[in-house]
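Student: Fit chain B to the given chain A structure using the hints.
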Amino acid sequence: MTTSFWLTLGLFFAVLALVSWALALYLRAVLDPNGKTWLDPVFGPLERWTYRLCGIDSRKEEDWKGYFASLLVFNVVGLLLTYLILRIQQWLPLNPKGFGPVSPDLAFNTAVSFTTNTNWQNYPGESTVSSFSQMAGLAVHNFTSAATGIAIASAFVRALARAGVKTIGNFWVDLVRTTYYLLLPLSFGLAVVLLSQGVPQNFSPYARAQLVEPVVITGADGKERRMETQEIVQGPIASQEAIKQLGTNGGGYTNANSAHPFENSTPLSNLLEILAVLCIPGALALYLGRVVGRQAHGWAVWGVMALLLFGGILVCWHAEAGGNPLLVEQGLSSVEGNREGKEARFGTLDSALFAVATTATSCGAVNSLHDSYMPLGGLVPLFNMELGEVAFGGVGSGLYGMLLFVVLGVFLFGLMIGRTPEYLGKKIGASEVKMAALSILVLNLSILGMSAWAIASPWGLAGIANPGPHGLSEILYAFSSTTANNGSSFAGLSGNTPWYNTTLGIAMLAGRYLMIAPVLGLAGLLAAQKTAAATQAAFPVSGILFVVLLLATVFIVGALNFFPVLALGPILEHFLLQAGQTF
Amino acid sequence: MKEFWSRLRVALLLTALLVVVLGGLYPLAVYWTGRLLFPFQANGSLVRAPDGTLLGSALLGQNFRGPQYFHPRPSAAGEAGYDATASGGRNLGPTSKKLVDAVARSAADYRKENLLSPDQKIPADAVTASASGLDPHISLANALLQLPRVARERKMRPEELREILARYTSKPWLGLLGEPVVNVAMVDWALDGKLGGR
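Chains as they are written, first to last, in the numbering used here: chain A, 1 to 583; chain B, 1 to 198.
Next comes chain B alone, as it looks inside the complex:
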């Protein structure tokens, strides 16, 4: 019994100490390093318009639906999608009837919006939901299928749009990891002239 109390004493003291070191000092050390070296990233890569309004984060998608915008992937985060306090996906299994129906509906909408022929293959990312529901990216193939619509709505030349897409396209790391993807939120903000410059 005496051994038990001595063990308990060590456990309590050590736990208290580790809460301070690991729960307090460690995150603080990372916090100060972040402020010093990567202040933009440390604060969530927040993007502001020239007038100072907070547009969002360069890392999180938003639900652009108008025909004059590039559209992000379907999202299951929150009621309206892209709710950044309710990240998550649909969690539908591969044999789920709900999944097949939802994809079929999205595919039909996608064809109609972008005036695609019925035998045009749709990039899989355009009609499937991401895991986070906050995926800011779409595949390059998806963006290029949407491009004629955006060009028409905005009365812009396709080359001009292609240039903007290229600016917000990330290439695979070392040519191996990840895929070439377009950051939709950044492109749409740029199109609205919210990012200054253009």
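Only chain A is shown next, with the shape it has when bound in the complex:
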């Protein structure tokens, strides 16, 4: 068991390093407005035609405010469009099951959710949303919200590499190039591989199978009903599945998400879906190193991310592999680990791997039910999100989130040992630190403030499915997930109520845009600074010392903010479970 564990992890991190390295090379060409890629013959004409049709001047750059304004306008348009599509889907084509309009609060929640790259799902996909809504309303956001994140990261990196300049790039160009040259080809490739594993792609009506052995069920009214058929979901699943993972979106076609055999059919598709989530964020870390001309720095940041991910996998797997002692008492074998809410084809290790990867990034797809994880197994996803999702993180958001910690860390430890707080030749002064601290505060305020509001309100408590400390974990998980734009959930929580739809929607908006604004502001400040020649007195940004200090910064900030509430939720539940307490 342990040999295969270490072999699997070794293989996993080796492949991830290789893919990150190769993709980082490619990203340099994609994120440079004049870069040349080998896909130019295909997408070059489309790119130029797009600029002409939309009236985009690709040579014009903007300062951070202009960049942010374009981003905001684009996102608001997308949000309103999706809201509209969901509200009028009954009159639109490709609605084979004849679904009616989505309720206003749920449509608001869903539109915000997909625009902010969260993909929190308060609706069961296969019984609420038409194929057209999936394709035009939701899948498009999977691309654009991901491209938005990558655009911000690329603007930030550009700012670091610049000196004495006001502008940080052109949002439209970053968006279009990321979409065409990066996301579209990768998604197409992944979709075809997923197809080979069994993920469907069609436009057929749901199929009706005859059950060999009809099932008789007694309804709530006491009447017996005979079920003779099984209705099988159909639709363009593979295409959506691919971008859902690559764009760290996580919004599934079906309610069960990547646990559904139609979304994730085999252990191989499972591995590919995990790697797809991590590859772009991993590549962006190395891209940073290349652009600023210090590859060792890129690898150091990558290393910190990998260590955080590795630690999470270790803890989560260890908690799950032991099984649930309360169930082992009922005569269950403990060798298979905690199997409630997990698929047989994945087992414990592949489920834990997915759970940690999906929350260390901002993906939020799930291949098992986090709500049914052991208390400490479920703590890992929760804590991952509360750290701000920086263990590779979301596409773009992972890198800029981590760079906030770098700025903070350089400042803290630089002052401590009496060195000039300097990062890549840029002075880290009061304004820079304020911007970084502001972003991190927004995260804490939204998670803790909103959770506190919910547990103090009848509407909040009404949603809890599992009483006791686990109920607190459910609410905390919901606001952590939405604020961090993750989208996974302790799904027992009944979140599809007007109150939850609205508050979770607000958390998603706050976690996205109140975070992006200071990040871009910081980018503006850094771009405008002159770069000082690297001095001996500057703080090192690679090597073991840097890795340890950056890890410490991430950990101390996260632990200080969230340890008290985690002690009342998962940690308390862990000890009560060991004592044999149920709720």
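Please keep in mind that the hints were generated in silico from the structure rather than gathered at the bench.
Among the hints, a few may not be true.
Reference listing, derived: stretches of chain B covered by chain A, where coverage requires no fewer than 3 residues with Cβ under 8 Å from a Cβ of chain A [unchecked claim]:
| no. | stretch |
| --- | --- |
| 1 | 8-15 |
| 2 | 30-42 |
| 3 | 51-57 |
| 4 | 84-92 |
| 5 | 99-112 |
| 6 | 125-138 |
| 7 | 152-165 |
Being a predicted model, the structure only gives us computed values, none of them experimental.
Ideal Cβ positions, reconstructed from N, Cα and C, are used throughout, including at glycine.
Tutor: Below, chain B without anything else, positioned relative to chain A:
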């Protein structure tokens, strides 16, 4: 203000264009590729009996309950379980009394059905619900505990059954990823002679 309108114009045009490219052309390109390369998978891996009746999908479980069948895992999808339009799990937490009670009930049933001794350990997958509620697989250990019952009911030799189980067992990928699991739906269809051949 002029800048705002120009931004809005770009945003509207670009959104419209991207809806066509990403929401239309991209899924269509995948659709055509699927039809060409993997038509069976693209259509949901649907399995038909020799007479053309649709049995189900090779990837989705069905709720076989009779003693002559191998049984799948407990399912929380829909009222009767294995409702493929209502995928999902129980979402019960690890300290949930409901979970412990449900598992205890399933374990008692499982022992009774398969005539197991009270100290026989039950494979965890046999009495816990999957995440999708549509899990087509059970562990090999689970299948082997059910085998004597199915052999008895069908008056078949255990070796014969073992052969059929082996045919629908998937091994871990590269010996590392996933676990050896048996596709229950395929086995049960095969036992009923619905898959042709046998």
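Student: Examine the stretch 152-165 of chain B for residues whose CB is less than 8 Å from any CB of chain A, and state whether their number is three or more.
Tutor: It is violated, with 0 qualifying residues against the three required.
Student: Can you take a look at whether the stretch 8-15 of chain B is actually covered by chain A? Rule is 3+ residues, C-beta closer than 8 Å.
Tutor: holds (count 8)
Student: Apply the coverage criterion to the stretch 125-138 of chain B and chain A: a residue qualifies when its Cβ sits closer than 8 Å to a Cβ of the chain, and three qualifying residues are needed.
Tutor: As far as the stretch 125-138 of chain B goes, the hint holds, because 13 residues have Cβ atoms under 8 Å from chain A.
Student: Are three or more residues of the stretch 99-112 of chain B within 8 Å, CB to CB, of chain A?
Tutor: holds (count 6)
Student: Under 8 Å between beta-carbons, do enough residues of the stretch 84-92 of chain B, three at least, approach chain A for the coverage claim to hold?
Tutor: It holds: at least three residues are needed, and the stretch 84-92 of chain B offers 9 whose Cβ sits within less than 8 Å of chain A.
Student: Are there three or more residues in the stretch 51-57 of chain B whose C-beta lies within less than 8 Å of some C-beta in chain A?
Tutor: With 5 residues in contact (Cβ-Cβ under 8 Å with chain A), the coverage given for the stretch 51-57 of chain B holds.
Student: Between the stretch 30-42 of chain B and chain A, see if three or more residues pass the 8 Å beta-carbon test, and mark the coverage as holds or violated.
Tutor: With 8 residues close enough to chain A, the hint holds.
In terms of the numbered hints stated before, the structure departs from hint 7 and from no other.
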